[in-house]
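Asks: So the chains spell out like this:
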Amino acid sequence: MNIAFTTIIIFIILAPGFLARISYHSSKLSISNPNKNIVTELTLSIIPALILQSLGIFLVNRYSDYSIDFETLGNLMLGSTTNGVVSNNFRSIEEFKFQIFFYNFFVFSFAFLSGYLTRKVIRFTKADRKIRYLRFTNKWHYIFSGECLDFPDVPDDYENITEKIVNVLCKVNGKNILYSGTLFNYYIDSNGNLEAVHLKFPIRRMLEDDNEEDYHKRYYEIESRYLVIPNNDIININFRYFNLTEVQESELTSDELNTLIDSNTDM
Amino acid sequence: MPTKRTKFFSFKKKDRSVFTPETESAFVRVAHKISSSNSKSQIVKIGDKFFRVKELG
Chain C
1 MNIAFTTIII FIILAPGFLA RISYHSSKLS ISNPNKNIVT ELTLSIIPAL ILQSLGIFLV
61 NRYSDYSIDF ETLGNLMLGS TTNGVVSNNF RSIEEFKFQI FFYNFFVFSF AFLSGYLTRK
121 VIRFTKADRK IRYLRFTNKW HYIFSGECLD FPDVPDDYEN ITEKIVNVLC KVNGKNILYS
181 GTLFNYYIDS NGNLEAVHLK FPIRRMLEDD NEEDYHKRYY EIESRYLVIP NNDIININFR
241 YFNLTEVQES ELTSDELNTL IDSNTDM
Chain X
1 MPTKRTKFFS FKKKDRSVFT PETESAFVRV AHKISSSNSK SQIVKIGDKF FRVKELG
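Those sequence lines, one after another, are chains C and X.
Mapping of the first sequence onto the working numbering: residues 1 to 267, in sequence order.
Mapping of the second sequence onto the working numbering: residues 1 to 57, in sequence order.
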């Protein structure tokens, strides 16, 4: 038996871990790099594969009339070249081909489902926000969504966010321009780097107007509801998370009325 | 440093009913007037509606 055959056997044994990892990372929360190193992926799949295979072996041995033939499996993995042993091994495979197929089919299906459910449980319990080790690879998600407010030692909660304002400082034709708007979407590339920011209700002004006293009035509206800013132009991004609650004028105190910001006159 | 109580479950839904395109657009235009260094909420008047605004984080 050659090394290629042994490799196939090892791949089949590790495949449940590999599948569990694929389904766990199949969401916008994870970076999906198509140029992944398959050796690294399989190495990281060893522990989940061992857990899933152990569970499968336990269930087969405990609840079925069959048992896993470790002797044959060991011979196949070690590449035994003795004629009698090789023919016996393949005779066993031939005899139990349907059982072997269904065992692998169910273990693979369960692996895929367990990866998906693990992700759902982590998201439902918000464990990824509380425990750094469980955080997903797309770090931008936590910043753009505002879920970073649920990180330990950060005040306030993600659930209270009603509006996200993003200020994007860009260099356009050698001039620094500040774009502001509500966050509509963001895009990342296969390496997890930010590709573009998508703003809604964009406005902009020159950064050099910071020195002017009336810089608040230097903003002007862009006649568009949506604006995409490519990362190439971006110098930095400022995120502001707000909670807005509608109130009646009669509920306001005199102090609040004195410091009121009126969108009709203050722009 | 403020610490937070671990809250694993929450079924609270955002009340987005107040956000019409006009409200949202107007809020973008006044957001830079809201102080980041102030932990208190501020009142913003958009059209004929009043909003209590608090910056989070």
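Hint data in this document are derived by calculation from the structure and do not stem from the laboratory.
Remember, it's a predicted structure, so these values are computed and weren't measured experimentally.
Please note that a few of the clues may not be correct.
Here's a subset of chain X near chain C, in silico, CB distances under 7 Å, partners left out [unchecked claim]: (1) A26; (2) I46; (3) K49; (4) F50; (5) F51.
Note that the Cβ used here is the ideal one computed from N, Cα and C, for glycine as well.
Asks: If a hint holds in the structure, say so; if it doesn't, say that too.
Replies: For each hint, the structure was consulted:
1. A26: Cβ of X/A26 sits 4 Å from chain C, so the hint holds.
2. I46: 5 Å, holds
3. K49: 6 Å, holds
4. F50: At about 5 Å, which falls below the 7 Å cut-off, the nearest Cβ of chain C leaves the hint on X/F50 intact, so it holds.
5. F51: 5 Å, holds
Against the hints set out earlier in the document, no violation occurs for any number.
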